[in-house]
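Chemist: Given next are the chains, with one letter for each unit.
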Amino acid sequence: MQLKYIMNRKKELLKAPRMAVEIAGVRFKNPVLTASGTFGYGLEFANLMDLNSIGGIVVKGLSMKPIKGNPPPRIYETASGMLNAIGWQNIGATEFVTAKLPGLRNYETKVIVNIVGFELNDYLEVARFLNDCPGIAALELNISCPNVEKGGFHFNKNPKDTYKVTAAAKKACRKLPLWVKLSPNVTDIREFARACEDAGADAVSVINTLVGMAVDVEKRQPRLRFLTGGLSGPAIKPIALRMVWEACQAVKIPVIGVGGIARTEDALEFLIAGARAVQVGTANFYRPDASQRIALGLQEYCRSHNIEDINELVGSLHAYE
Amino acid sequence: MLDRKVKIKSVRDLGSNNYLLTLNAAEQARLIRPGQFFMLKCVEEVDENPLLRRPFTVFNICRHARSGRPAGLELLIKDVGTGTRKLVRMKPGQIIHCLGPQGNGFKVSAEMKNRVEMACLVAGGVGIAPLYMLAQDLMRQNIKPVLFYGGAGASDLVLREYFEKLGMDTNYTTMDGSFGERGLVTEPLARFLHKRAHRNIRVYACGPWGMMQAVHKLSERGKLQCDVSLEARMGCSLGACLGCVVRIKDPHGEDRYLRVCQEGPVFDSRLIDWETEPV
Chain H
2 MQLKYIMNRK KELLKAPRMA VEIAGVRFKN PVLTASGTFG YGLEFANLMD LNSIGGIVVK
62 GLSMKPIKGN PPPRIYETAS GMLNAIGWQN IGATEFVTAK LPGLRNYETK VIVNIVGFEL
122 NDYLEVARFL NDCPGIAALE LNISCPNVEK GGFHFNKNPK DTYKVTAAAK KACRKLPLWV
182 KLSPNVTDIR EFARACEDAG ADAVSVINTL VGMAVDVEKR QPRLRFLTGG LSGPAIKPIA
242 LRMVWEACQA VKIPVIGVGG IARTEDALEF LIAGARAVQV GTANFYRPDA SQRIALGLQE
302 YCRSHNIEDI NELVGSLHAY E
Chain E
5 MLDRKVKIKS VRDLGSNNYL LTLNAAEQAR LIRPGQFFML KCVEEVDENP LLRRPFTVFN
65 ICRHARSGRP AGLELLIKDV GTGTRKLVRM KPGQIIHCLG PQGNGFKVSA EMKNRVEMAC
125 LVAGGVGIAP LYMLAQDLMR QNIKPVLFYG GAGASDLVLR EYFEKLGMDT NYTTMDGSFG
185 ERGLVTEPLA RFLHKRAHRN IRVYACGPWG MMQAVHKLSE RGKLQCDVSL EARMGCSLGA
245 CLGCVVRIKD PHGEDRYLRV CQEGPVFDSR LIDWETEPV
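In order, the protein sequences belong to chains H and E. According to the numbering used here, the first sequence is numbered sequentially starting from 2. According to the numbering used here, the second sequence is numbered sequentially starting from 5.
So here's chain H without its partners, still in its complex pose:
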């Protein structure tokens, strides 16, 4: 009886689909990551899920020095989503490396650091600093945050600026792969993806939040003190999916799908549309173990559909004849 169980278990393990994906030479045990700004520095979630169950953690955007962020109110819930205007509040790269990174190194999950900056040099300074820190798998250049007065999104307004900041950042972090997180608040995301590829980016994350707004009709005031905010959550998923697909048509470097992914099926849609990996964002807020569930769900899907390697799914979309 026991032997039979062991044999079956062995068969099952042999049959287990291969879930690992590779982005710029870095191997992720599965294609599920958490999106920057929605998962803190990772350790906040350690009691609520198994951090080892996911491929990677993209930590909250970091600058060299701490940033205090925007005055509240900073968030507001909308239909199937939320608006935020946090304004890059973070503890600073030095504090991250001394207080958070050692804890994260205890996990076998890859750590990607999102970096922010008001000026070109801000990005370069933090990129150079993190380049030498062990335990970081890649950097994600955040040029798409809509919630700061300068910097951020301003490098994502025309492809030339995107090229410039990407090329400079790539020089500053020679040891680490550089991902660039792109804004959906543009006419044609393909141009920006191409600019990143041409400038030497190793991957693009598509998309950051869409600029939105909400009004309190009693006070006749904006719901956010910053006036506008970034819309995230399931509401933006169809837009994110379309933009991921477009980016995949435009560039050869890996595209990482982000935007409204809350369930396994959402992640599958992005992979089929061409994303090499996905990031779970707002769902972490209302289901802290969402990313773990999706990682498991993908494995189940592969098993039940006789897919040996998750990479078979990537870009497998059939258009109508």
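Wrong hints could be hidden among the right ones.
25 Å max Cα-Cα, derived DSS-like pairs, lysine-lysine [what the hints assert, rightly or not]:
no., chain 1, residue 1, chain 2, residue 2
1, E, K227, E, K199
2, H, K30, H, K253
3, H, K172, H, K69
4, H, K253, H, K158
5, E, K221, E, K148
6, H, K69, E, K82
7, H, K66, E, K199
8, E, K82, H, K220
9, H, K66, H, K176
Covered stretches of chain E (in silico footprint by chain H; criterion: 3 or more residues with CB under 8 Å from a CB of chain H, positions within the stretch not fixed) [said to hold, decoys possible]:
no., stretch
10, 55 to 62
11, 151 to 163
12, 251 to 263
13, 269 to 283
Think of the hints as simulated: they come from the structure by calculation, not from any bench. Here a beta-carbon is modelled for each residue, glycine too, at the ideal position from N, C-alpha and C.
Once you've looked at the hints, dock chain E against the given chain H.
Modeler: Chain E in isolation, oriented as in the chain H frame:
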């Protein structure tokens, strides 16, 4: 802090859009300290709107009749929007996601009784929620709690009988004069503090921003420590989203923001920048 699916035991209508929600959450009830809160999903399905959970401080722990062990949580919910409306319309037996206990609650320690004789508990409307467990804790330390409870009308002064049963001195105010003294809750508080200027009194407040600000000013004047329990829109309650911050006045440096979910929800009122309301 635990994330559990818990069963709704009852939803009691208290009038004026206030409800007392009882959850069968024994495991989490054992962990709770006064002033801490839980994040509740307002619908059964996780992927349904509203997506974000809502924070509620615990009013009381219900206990097994015989053993006295914690059996569940009682939370005071005011129906103020889409989320809370769905929550109070849930039926006994339904299951919701419940995350907590979370946050830093009221600090009542044994050594406090050497310094503090009396505590003023000041509530505006549903701000009464965290004060019942606090009152019990204070009494256990032989610190005498006095309640100041204000609302728009008599029907807003919900659950006051709980405090009366503890044998506490109570002061009620209503704006329409339908119960207790007419006017703001800070008026009887100001008289009370004025009469006992030399006494060692601690102040605790929870309610609308303006009320807490006024209580803070009265406490400052009397050189009394005042702890306030703040409300904020929260995304995650885990310290990750940074959505629920309150502005902190730093006399030595630059102003900064602290998270109501992690560093709060209870703060020393002197820390708060009262000019910047978070909600």
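Chemist: Given the proposed pairing of K82/E with K220/H, does the C-alpha separation stay at or below 25 Å?
Modeler: 20 Å, holds
Chemist: Check the hint pairing K227/E with K199/E against an upper bound of 25 Å on the C-alpha distance.
Modeler: Holds. K227/E to K199/E sits at ~14 Å (cutoff 25 Å).
Chemist: Examine the stretch 151 to 163 of chain E for residues whose CB is less than 8 Å from any CB of chain H, and state whether their number is three or more.
Modeler: That given contact is violated, which follows from only 0 residues of the stretch 151 to 163 of chain E lying within Cβ reach (below 8 Å) of chain H.
Chemist: Below or equal to 25 Å on CA atoms is what counts here, so check K172/H against K69/H.
Modeler: 28 Å, violated
Chemist: K66/H and K176/H were given as a pair; does the straight-line alpha-carbon distance stay at or below 25 Å?
Modeler: Holds, because 22 Å separates the two Cα atoms, which is no more than 25 Å.
Chemist: Go check the stretch 269 to 283 of chain E versus chain H for me, would you? Three or more residues, Cβ under 8 Å, otherwise it fails.
Modeler: Since three or more residues must qualify, the claim that chain H covers the stretch 269 to 283 of chain E holds, with 4 doing so at under 8 Å.
Chemist: Between the alpha carbons of K30/H and K253/H, is the straight-line distance 25 Å or under?
Modeler: 22 Å, holds
Chemist: Are there three or more residues in the stretch 251 to 263 of chain E whose C-beta lies within less than 8 Å of some C-beta in chain H?
Modeler: It holds: at least three residues are needed, and the stretch 251 to 263 of chain E offers 5 whose Cβ sits within less than 8 Å of chain H.
Chemist: Does the alpha-carbon distance linking K69/H and K82/E stay inside the 25 Å limit?
Modeler: 32 Å, violated
Chemist: Closer than 8 Å Cβ to Cβ for three or more residues is the test here. Does the stretch 55 to 62 of chain E pass it with chain H?
Modeler: holds (count 3)
Chemist: Would the hint linking K221/E and K148/E be met if the CA-CA limit is 25 Å?
Modeler: 22 Å, holds
Chemist: Against the 25 Å threshold, does the CA-CA distance of K253/H and K158/H hold or violate the hint?
Modeler: OK: K253/H and K158/H at ~22 Å, within 25 Å.
Checked against the numbered hints listed earlier, the structure breaks hints 3, 6, 7 and 11; every other hint is satisfied.
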